[in-house]
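Starting from the known structure of chain A, arrange chains B and C on it as the hints suggest.
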Amino acid sequence: MNSISPNLVALARSGLVRLTDVTKVYQGGITGALDGVSITVEKGEFTAIMGPSGSGKSTMLNLVAGLDRPTSGTIVVGGTDLSKLGEAGLARFRRDHIGFVFQFFYLLPNLTALENVLIPAQLKGNMATGRGRELLEQLGIPDVADKYPARLSGGQQQRVAIARALINNPTLLLADEPTGALDTHSGEQVMELLGGLHRGGQTILLVTHDAKLATRNAARVISVMDGKIVDDARLESPERAPSEVIRVRSEETPPAGARRAPETK
Amino acid sequence: MSLKYGVLGLLKVEPLHGYEVKNRFEAMLGGTWEVNIGQIYTTLQRLERDGLVRPVGERGDRGKLLYELSSEGKKALDDWLAQPDSGPQQLHEDIYVKLLLATRIANGDLQQMLARQKRAFLQRLRDLNRLEEKARRDGRIDLARLVRGALLHTEADLKWMDELASEHFGTEGAAAE
Amino acid sequence: MKAVVVKALADLRRRRLQASVIFVTVLLAVGTGTMALTLMTQTRDPYQTAFEAQKGAHLQVYYDGGVTDRQLLASTPSLIGASAFGGPYPSTTVEFQHGSRKFSLDTFGRDNPGGDVEVLKITSGHWPVSDGEIVLTRSFAELNHISVGDSVKVVSVTQKPVLTVAAEVVDIDEGSADLSSQHTWVLSSAIPALTPTTPNSSFYLMDYRFATDPTNSQLAGYVDRLKASLPPGSISGSVNYILIRSVFNITNQILTSVLLAFSVFALAATAAIVANLVTGIVISSYREIGIMKAVGFAPREVVAVFVLQILAPALS
Numbered sequence: 001m002n003s004i005s006p007n008l009v010a011l012a013r014s015g016l017v018r019l020t021d022v023t024k025v026y027q028g029g030i031t032g033a034l035d036g037v038s039i040t041v042e043k044g045e046f047t048a049i050m051g052p053s054g055s056g057k058s059t060m061l062n063l064v065a066g067l068d069r070p071t072s073g074t075i076v077v078g079g080t081d082l083s084k085l086g087e088a089g090l091a092r093f094r095r096d097h098i099g100f101v102f103q104f105f106y107l108l109p110n111l112t113a114l115e116n117v118l119i120p121a122q123l124k125g126n127m128a129t130g131r132g133r134e135l136l137e138q139l140g141i142p143d144v145a146d147k148y149p150a151r152l153s154g155g156q157q158q159r160v161a162i163a164r165a166l167i168n169n170p171t172l173l174l175a176d177e178p179t180g181a182l183d184t185h186s187g188e189q190v191m192e193l194l195g196g197l198h199r200g201g202q203t204i205l206l207v208t209h210d211a212k213l214a215t216r217n218a219a220r221v222i223s224v225m226d227g228k229i230v231d232d233a234r235l236e237s238p239e240r241a242p243s244e245v246i247r248v249r250s251e252e253t254p255p256a257g258a259r260r261a262p263e264t265k
Numbered sequence: 001m002s003l004k005y006g007v008l009g010l011l012k013v014e015p016l017h018g019y020e021v022k023n024r025f026e027a028m029l030g031g032t033w034e035v036n037i038g039q040i041y042t043t044l045q046r047l048e049r050d051g052l053v054r055p056v057g058e059r060g061d062r063g064k065l066l067y068e069l070s071s072e073g074k075k076a077l078d079d080w081l082a083q084p085d086s087g088p089q090q091l092h093e094d095i096y097v098k099l100l101l102a103t104r105i106a107n108g109d110l111q112q113m114l115a116r117q118k119r120a121f122l123q124r125l126r127d128l129n130r131l132e133e134k135a136r137r138d139g140r141i142d143l144a145r146l147v148r149g150a151l152l153h154t155e156a157d158l159k160w161m162d163e164l165a166s167e168h169f170g171t172e173g174a175a176a177e
Numbered sequence: 001m002k003a004v005v006v007k008a009l010a011d012l013r014r015r016r017l018q019a020s021v022i023f024v025t026v027l028l029a030v031g032t033g034t035m036a037l038t039l040m041t042q043t044r045d046p047y048q049t050a051f052e053a054q055k056g057a058h059l060q061v062y063y064d065g066g067v068t069d070r071q072l073l074a075s076t077p078s079l080i081g082a083s084a085f086g087g088p089y090p091s092t093t094v095e096f097q098h099g100s101r102k103f104s105l106d107t108f109g110r111d112n113p114g115g116d117v118e119v120l121k122i123t124s125g126h127w128p129v130s131d132g133e134i135v136l137t138r139s140f141a142e143l144n145h146i147s148v149g150d151s152v153k154v155v156s157v158t159q160k161p162v163l164t165v166a167a168e169v170v171d172i173d174e175g176s177a178d179l180s181s182q183h184t185w186v187l188s189s190a191i192p193a194l195t196p197t198t199p200n201s202s203f204y205l206m207d208y209r210f211a212t213d214p215t216n217s218q219l220a221g222y223v224d225r226l227k228a229s230l231p232p233g234s235i236s237g238s239v240n241y242i243l244i245r246s247v248f249n250i251t252n253q254i255l256t257s258v259l260l261a262f263s264v265f266a267l268a269a270t271a272a273i274v275a276n277l278v279t280g281i282v283i284s285s286y287r288e289i290g291i292m293k294a295v296g297f298a299p300r301e302v303v304a305v306f307v308l309q310i311l312a313p314a315l316s
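Protein sequences, first through last, are from chains A, B and C.
The opening position of the first sequence corresponds to residue 1 in this note's numbering, with each subsequent residue numbered one higher.
The opening position of the second sequence corresponds to residue 1 in this note's numbering, with each subsequent residue numbered one higher.
The opening position of the third sequence corresponds to residue 1 in this note's numbering, with each subsequent residue numbered one higher.
Isolated chain A, as found in the complex (with noise of 0.2 Å):
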């Protein structure tokens, strides 16, 4: 269906993130291991990365945001090559350049939703109060901002740390399975969120398992499995007329009388 060569592509472009051959190995074989990965990453770009738990895409989530160092391989965000960081440096790094979103908020639960979305841009030196009650407003909870997280809904919560993941205005935002903890309802709220911060020129990683929501914003699909890339998809999002899409079949089917009666009979 489609098939361009993502190399070919790779090769055209610099690449806001690449990883080049990484391998990550844990002790006493812990699931979640990489083998062996290799990609590159557009600026701008909307990237989901799936598959099955343990497969290793939260894996090279960290390894992009530099919380965890890989066995082996290189790992270069916007320029820079992880591995040339100390532990401060790596700090210094996720401050600067990633946002990260969890599935499970991690929000500071002594901190109110305020103070959690400023402490990015407080470790900068800045204070960004304005800019921290801008961002709550613009995500649609502007009424939160002084309350603890205990006291928020899950979809409060993930649309607070969205913000905190924001508020340095990051060169790269990651999402590991940001809508995972969420009903349908809010998930389907945040990745909208998400989905208008791409149309805004936000780069995203979202590593995901719910391939309906992961194909709503991202036009392209890794799929990971034992740690390696089995699928590198691009997808198309041309204008189609509801027909080419879905069809809802005229065929006749047999009389009601003449249908099968269930197992019993």
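Simulated from the structure, these hints should not be mistaken for laboratory data.
All values reported here derive from a predicted model rather than from experimental measurement.
It is possible that part of the hints are untrue.
[Unchecked claim] Once the Cα atoms are required to be at most 30 Å apart in a straight line, the calculated DSBU-like pairs of lysine-lysine come out as:
1) 2(C) to 84(A)
2) 228(A) to 98(B)
3) 134(B) to 43(A)
4) 160(C) to 124(A)
5) 12(B) to 75(B)
Then chains B and C, alone, in the frame of chain A:
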């Protein structure tokens, strides 16, 4: 079969001409089921023969005839609506047959076939997503609901591909894992 | 580091209980630690400490009052190279009665409690101003329920004078409250009236102190030198500080080790509680550490948050 009941259902709302039945039916399905006017007239004639609909008044200008539901027609429609869809699962996809055949013929080289099909399903999900988005944007809630069903259905197909891929489906013909 | 402070304070705000437990525990730890340290320095060698403070005598020699006199004794310090001396104090054994109980103690005639050697620390009352007053050690007075102002009746002389207890003192030689090492003091002018007429009941006491602590054999040598230079029978007895110290230390070491054991135990318990609380906080925040790292806290900023949290109550 559902065209027949679709016509009955539309006539239950109000008496309609053949053309009106066609237009309303297509609109209801949001362009996902196109019927020609001949099918509609054939269906109406059969329904009239079975006493489920009857013409209202005289044949008007340009041969237009208004149809309405008879009491038998109402009963037949209600019976149909009340009956759950309990027939056997209908699978129209080629892939089911392809995969079954491929296990016998390809002997272990099914991963590529699965991957290609997965991509196709992903693309379908993307198209459905965009269609649902557009339907909601246009306020066509009926269509959006239909697409939602299709999305879930395709997601299930995709999961099936993943399951098959992870159990190394196809290799059992060559050697035991 | 605004973010570090905000985070640490927020955690403190929500963890008041733990913070106050740390506060109280640290307070207790500091208290216990101070107590233990004081105890340790005080009990390392309590006798030695008191000995230095009260200028204890290295050597005490009893001279027979019938054979020697004050003038002769005044020459003895230079004879053995003592750097300081006390006495000669006229002395006798006085038997006295308080209520129905009778005691027999060596009594020294001494006109003031200070001096260069064997300082007596008055814990209550005043030094005698008349011959009718007597001074006891505090331990003896307490053991026998005698207080300042009480009267005791001397029964060892025929006149049976009544003396008033003028003061209680701490004497470096009062190893324990039993009688063997207990003394009493009166003005030297009171001694003749308290001395029985029987022979061998009048003595002089000389206290000697040397620049450096002498050894047991050096002390024996001094006594030999005194014996050689004085008329025969002059010396009726001698006591050296090594002997007293060893007697004293045997009883005190038991007390000291118990005290030490308790302080060490208390300190260890406090340390364990603090360690437990701190690890508890860190472990319960394990996930939070991950979050903090993810939002851009540098490792040392993470540590700073915890240090601040733990130190804040400790410092406040």
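Against the structure, the hints come out as follows:
1. 2(C) to 84(A): holds, 28 Å
2. 228(A) to 98(B): holds, 26 Å
3. 134(B) to 43(A): Holds, at roughly 27 Å.
4. 160(C) to 124(A): violated, 94 Å
5. 12(B) to 75(B): holds, 11 Å
The structure is inconsistent with hint 4 alone, although it conforms to all the rest.
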